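Number of protein chains: 2
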Amino acid sequence: MTSIALLLVGDELLDGRTADKNGAYFAGQLREHGVAVSRITTIGDPLAGIVATIGDLLQAVDFVVISGGIGPTADDRTREAVARFAGVDLVDDGVTWDEIVQRFEKLGRGAPSEANRVQALIPRGATRLPNPLGTAPGFVIKVGGKRVASVPGVPSEARRMFDDHVLPLLSTGSAIPQTTLLFAGVPESKLGHLLADEMVEREEVRVGITASWSVLAVTVRAADSALLESTCQRVRAIGAQWYVGAGARRIEQLLVERLRSDRLDLSLAESCTGGLVASRITGVPGASEVLQEAYVTYSNAAKQRLLAVPAEVLETHGAVSEACVLAMVRGLVDRSGAALAGVVSGIAGPGGGSADKPVGLVHFAIARSGVPEAWSRQYGDIGREEVRQRAATDLLVRLTRATSQAGR
Amino acid sequence: MTSIALLLVGDELLDGRTADKNGAYFAGQLREHGVAVSRITTIGDPLAGIVATIGDLLQAVDFVVISGGIGPTADDRTREAVARFAGVDLVDDGVTWDEIVQRFEKLGRGAPSEANRVQALIPRGATRLPNPLGTAPGFVIKVGGKRVASVPGVPSEARRMFDDHVLPLLSTGSAIPQTTLLFAGVPESKLGHLLADEMVEREEVRVGITASWSVLAVTVRAADSALLESTCQRVRAIGAQWYVGAGARRIEQLLVERLRSDRLDLSLAESCTGGLVASRITGVPGASEVLQEAYVTYSNAAKQRLLAVPAEVLETHGAVSEACVLAMVRGLVDRSGAALAGVVSGIAGPGGGSADKPVGLVHFAIARSGVPEAWSRQYGDIGREEVRQRAATDLLVRLTRATSQAGR
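Just so you know, the protein sequences line up as chains U and X, in that order. According to this note's numbering, the stretch in the first sequence is residues 1 to 408, in order. According to this note's numbering, the stretch in the second sequence is residues 1001 to 1408, in order.
Only chain U is shown next, with the shape it has when bound in the complex (with noise of 0.2 Å):
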């Protein structure tokens, strides 16, 4: 089996300034082909040290990744990192310039400059990889029996190089079968320690889990499909109490899967998280079959006047409380009409806080057939976008909950 190893090249993914996307995704992809990615490294953009770095992963494994520092400007080393290793020298393909040339024309971008001429070469004896996204060529060389590919590092342009031409040359062909679960309502620790038997690292089958806010996902792989099976069903019967659902790897996934099945339309009005709610669900393909329409009400204005909440719930309870989520969700279920309505209001934070209403402290509500329930949550003054992450998906899980298949 072919080992592997991710290189992620730029200055910005070493000051802070981009969080790298795209070493999670390709690991991603090759897992899902049965691939298993032993080592990722971040390093920046001078030349000696992507050299020396692709020496020292070549040691140890069989074929590098790198992703970033082929685009047009005087910090991107890559092409020549990669020829240097080789020794080997640069050469212009003599087909790249023209389409490079043709993009440019296509975008309405005029002629390209000649900075972007540097983008046309590849190191020699190697195979160019197209990118039909940009105007840099990714490429793969071989190396003393081992193997390089460069691709780019803006993550859309590197996502479609990798799986069409950078994953065919890896996969086994042989996918892992694999589940996850979800749970919810339980600390990480309570669950891995009941859990604790069936994560022994074995060879035929691996449980692992995942903390994404309160949704915990243990994900199930195995050798084969009866033991996949089989391992699932005593994982579901362990964590029973918090179980939420399996087939998909986030809440608001599974959320959108399960209003399809249900044909149930969702309704949404947000204050704290603003939008985030909506937004976690929209970007699921398929949300625009249950979701038809949101809310953010983040002034007191906007909720008295789109959700008919009263003037005195808010001078007496003020917004973030149960009198005014309840009033919310009525509110909501009034004017769209929805199955399933979920709201929230709460102080995310920095400012805002009082003893009485400390940052953190965020009241939700849902209705099912119009029947509301409203909950509250005290999760400390952690920052505001943790505050509205932890609240937006403590109610995707309760929407989730109420829907018929949950548990199942």
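It should be emphasised that the hints constitute simulated quantities derived from the structure, not laboratory data. On a predicted model such as this, the values are computed, not experimentally measured, just so you know. Using N, Cα and C, we set each Cβ at its ideal position, and we do this for glycine too. Nothing false has been slipped in among the hints.
Residues from chain U shown here face chain X by an in silico Cβ test under 8 Å; the list is partial: (1) G16; (2) V37; (3) S113; (4) S279; (5) S299; (6) R384.
The calculated lysine-lysine pairs, modelled on DSSO-like cross-linking and capped at a C-alpha distance of 30 Å, are: (7) U:K21 to U:K146; (8) U:K21 to X:K1190; (9) U:K190 to X:K1021; (10) X:K1021 to X:K1142; (11) X:K1021 to X:K1146; (12) U:K21 to X:K1021; (13) U:K21 to U:K142.
For this one, chain U is given, so just place chain X on it according to the hints.
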């Protein structure tokens, strides 16, 4: 100056289940405090790999920060790996276990399980780093004149511990003066070519470009603020026609800041982006001062009912059309009374495209003081999330340009 490597530990980072969030955060914090990260390495859970990698990294750097592998489950091996590398045993400091017990009580989780007991252990001779957001403490230990720190993998816990306890050990005390200038509407290759003289690598000033969808963030770092100011002025002059503004790293931060200083309020109506624009804006602290309300009008019925889009517009032109976004923005201004309004309607895919209106076609409109303006973009079939993010970014740019300080 201390040289630093980051080591991210976890099988879930190598198989696509989780995209790392800590590496970029730590690197960004360090950079702001004048410290450069030379390498980020991601490896799996096995003990031997962690031990060996710590050794490899400490050959090249003085300080390794390890994130992950200190949870309570059997696959958490960082504690043991560091102890083994340092040649010491693991000890219970007599304080941590009591804290874990108290934390469980406070969170209403009852008594911790025996599985949590390993979390009270740290390598002998290490200094414990408190974890106010979770059960596992971190630690830092000296080994042969160099140092190794261990922090959690869970991002909220990791960030708090890193900021409070690791950063103070590493900071040089003087932050490097830096400014970020945002540009839009120009390819990275073109701006990079124009800025080539500024981007030549020098000791005293560094200029780098990072693309986030259609926004190019040019970061200028200089040895002193006079040099920073003069460099920024040249960069702005060179890219004047595409310049959006300075002082924020992300376009949504710049938009919120400009709206606040203009005392303009904003409303949104989103179709294909489904709340993403609102979510990006409300992710910025202080957004509540400028955003009162937003609508996700995903269905035609919602566009008619919430924004009064005429049925004949939808029948004649369809939901993805200039006529529709103009009707949407008029309806939005009528309903919200906002000084600035933005709407978007498009086909994010993967389904829903036609020969006439292919996947990736997006129509936009904004209205400033009620005066509407519409435009469209064809992004191509580049993936649902990519179309959504690019469309959201383009709307954010156009809204920012509509503020009074655009280009200043």
